[in-house]
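Using the sequences and the accompanying hints, generate a full structural model.
Just so you know, the protein sequences line up as chains H and C, in that order.
Every number in our numbering is 208 more than the matching position in the first sequence, counting from 1.
Every number in our numbering is 208 more than the matching position in the second sequence, counting from 1.
Hints were generated in silico from the structure; no laboratory data involved.
Treat the hints loosely; a few may be bogus.
The list treats identical chains as interchangeable, and a pair is accepted whether it falls inside one copy or across any two copies.
With a straight-line Cα cutoff of 27 Å, these simulated DSSO-like cross-link-like pairs (lysine-lysine) come out [as the list claims (entries may be wrong)]:
(1) Lys336 with Lys313
(2) Lys313 with Lys216
(3) Lys251 with Lys344
(4) Lys251 with Lys404
(5) Lys313 with Lys404
(6) Lys313 with Lys344
(7) Lys358 with Lys287
(8) Lys245 with Lys358
(9) Lys344 with Lys329
(10) Lys329 with Lys245
(11) Lys358 with Lys251
Here the structure is a predicted model, which is why all the values come from computation and not from measurement.
Number of protein chains: 2
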Amino acid sequence: MPILYHHKASTASRFIRVCFGEVDFEAELVEENVWEKRPEFLKINPAGTLPVCMTDNNHALCGPHIIAEWLDESFGVFKRDRRLLAEDPFRRAEIRRLMEWFLIKFEHDVARPLVRERVLKLMMPADKGGGAPDPKMLRAGRANIRQHMKYLSWLAGSRAWLAGDRLSYADLAAAAAISMMDYLGEIDWNANPQAKDWYQRVKSRPSFRPILADRIRNLAPVSHYADLDF
Amino acid sequence: MPILYHHKASTASRFIRVCFGEVDFEAELVEENVWEKRPEFLKINPAGTLPVCMTDNNHALCGPHIIAEWLDESFGVFKRDRRLLAEDPFRRAEIRRLMEWFLIKFEHDVARPLVRERVLKLMMPADKGGGAPDPKMLRAGRANIRQHMKYLSWLAGSRAWLAGDRLSYADLAAAAAISMMDYLGEIDWNANPQAKDWYQRVKSRPSFRPILADRIRNLAPVSHYADLDF
Numbered sequence: 209m210p211i212l213y214h215h216k217a218s219t220a221s222r223f224i225r226v227c228f229g230e231v232d233f234e235a236e237l238v239e240e241n242v243w244e245k246r247p248e249f250l251k252i253n254p255a256g257t258l259p260v261c262m263t264d265n266n267h268a269l270c271g272p273h274i275i276a277e278w279l280d281e282s283f284g285v286f287k288r289d290r291r292l293l294a295e296d297p298f299r300r301a302e303i304r305r306l307m308e309w310f311l312i313k314f315e316h317d318v319a320r321p322l323v324r325e326r327v328l329k330l331m332m333p334a335d336k337g338g339g340a341p342d343p344k345m346l347r348a349g350r351a352n353i354r355q356h357m358k359y360l361s362w363l364a365g366s367r368a369w370l371a372g373d374r375l376s377y378a379d380l381a382a383a384a385a386i387s388m389m390d391y392l393g394e395i396d397w398n399a400n401p402q403a404k405d406w407y408q409r410v411k412s413r414p415s416f417r418p419i420l421a422d423r424i425r426n427l428a429p430v431s432h433y434a435d436l437d438f
Numbered sequence: 209m210p211i212l213y214h215h216k217a218s219t220a221s222r223f224i225r226v227c228f229g230e231v232d233f234e235a236e237l238v239e240e241n242v243w244e245k246r247p248e249f250l251k252i253n254p255a256g257t258l259p260v261c262m263t264d265n266n267h268a269l270c271g272p273h274i275i276a277e278w279l280d281e282s283f284g285v286f287k288r289d290r291r292l293l294a295e296d297p298f299r300r301a302e303i304r305r306l307m308e309w310f311l312i313k314f315e316h317d318v319a320r321p322l323v324r325e326r327v328l329k330l331m332m333p334a335d336k337g338g339g340a341p342d343p344k345m346l347r348a349g350r351a352n353i354r355q356h357m358k359y360l361s362w363l364a365g366s367r368a369w370l371a372g373d374r375l376s377y378a379d380l381a382a383a384a385a386i387s388m389m390d391y392l393g394e395i396d397w398n399a400n401p402q403a404k405d406w407y408q409r410v411k412s413r414p415s416f417r418p419i420l421a422d423r424i425r426n427l428a429p430v431s432h433y434a435d436l437d438f
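Rendered as C-alpha cells:
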C-alpha cells in the first residue's frame, strides 16, 4: 500500500489526506516530525517538507502540489463531475492560483507562524527550536489571519465554491488550512458568516471526517472543532 | 498581444521568459516593481508576486508554476520531443519537484536574500525598505548557495539533463535561478565543473539570449555573464 508521510498539524498534509479521501485513494499514514531531520526521510525528500507519498512502485511524490497534480492525472481525470481540477486551462489556472494562495501564502502569513509557535514548539526539544511561543510571531499571524478571512469570505460570497461552480482542489486546500486554524481557536466565525457557510459545506464531506477526528498530543481542539453545525 | 509583468532581477520571471522563448510564445514585457504595491497590479494578482501573464482574453495567470502548466497544456503538449513536461506522470512529478526546488527552495534560501540585499534595496526608497545590504543576510545566502551548487552538480553529473534524458522545465527553472546569481558574481564555477558544463548547454540556447542581454540599472554584471564559453 502507498505510504503518506504527514503530520497532523501540517496544512499541506491535511489537504492531501482530504484529496485522497475524495478520490478513494488509500494510503498508510506515517507521522513524520520534520524537525528531527531523519536521514532516511531526507533521502526520500531532500527538501525535508511534508507531505510525501511513496507509491507502490517506490516513487516519492514530494509536496502537496506535486501529489495533487499526480493524483488528478492518474485518477481524478476519470471522475467526471467529481474531478477536483477543471478541464478548461483557465479554470485550472484559477484552481491552482487558490491552491497556492492557501498552501503557500496563507501558510507563510498565518499557518506557519501560529502552528510553529503554538504547536510545534511544544513538541520540539529545546536544541531543535522548542520552547515558549514568541508573542511577536503570534501577533503577526493573528493580524494576517483577519485579512485572509476577508478574502476567503469574499470568494465564498461571490462563487458557489471558491474557484467556481464546482468543488475543487481550491476548496480542499483552503479548508485544510482553515481546519488547522480552527483547531487552535484562531478563527472568528461571527465576523465571517460567508466563510462559515462555505466551511460548513466542506467540513460535512465524508473525506473530511479523519481531519475532524485528529487530536494533537497535549493540545485539545476548540470545543466546536468537530461540530458540523457550529 | 499577451503581456508579461516581470522584473529583470526576478528568477521566476526569467524562467517564464525562457519558457516562452522555447515554445515561441510571444508576449509584451512590462517591468513591475512589486514593492510599489501598485493598486492596478494588485487587482490583477492579489498576491503581489511576479511574473503575471495577462492573456489576450484577459485572463491573469499568476506565478511561474501556473503559467508553466498553462503553457504546457495550451502549447507544449503539441511539441512532441521539444515538450518541456514529460508524458509519464512520475517523470512529470520529478520535473515539478525540481521546478519547485529552484523556484521556491533556492529562492527562499539563496536568491531572495541576495537579490533583495544586493539589487532591490538599491532601487527601493528608504520608506519601502531600501538601504544598505544587511551583512547577516548576505552571509546566510552565500552559505546556502554552496549547498545548492553541490546538489545541482550532483544532478548535472548523474543525468543528461536535470530531471532525466530531456531538457525540461527543471533545467529552465534552475538556469533562470543560476543566471541571476551569476549576474551578481555569486557562483564559484571552478568548484562546480559539472554544473558549469550543464549551465553552458542551457545558456547556449536561443531562448536564453534575452536573459544574457539583461542589464540591471546601476549594477553591471560579472564580466563572463553573457559569455557562452566562460
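Now for the hints, and whether the structure bears them out:
1. Lys336 with Lys313: both (25 Å within a copy, 20 Å between copies)
2. Lys313 with Lys216: both (20 Å within a copy, 23 Å between copies)
3. Lys251 with Lys344: Neither: 35 Å inside a chain and 30 Å across chains, both beyond 27 Å.
4. Lys251 with Lys404: between (41 Å within a copy, 25 Å between copies)
5. Lys313 with Lys404: within (21 Å within a copy, 34 Å between copies)
6. Lys313 with Lys344: both (19 Å within a copy, 25 Å between copies)
7. Lys358 with Lys287: neither (32 Å within a copy, 42 Å between copies)
8. Lys245 with Lys358: between (36 Å within a copy, 19 Å between copies)
9. Lys344 with Lys329: both (15 Å within a copy, 25 Å between copies)
10. Lys329 with Lys245: within (15 Å within a copy, 34 Å between copies)
11. Lys358 with Lys251: between (40 Å within a copy, 15 Å between copies)
Taken one by one, the earlier hints fail for this structure at numbers 3 and 7, listed in ascending order.
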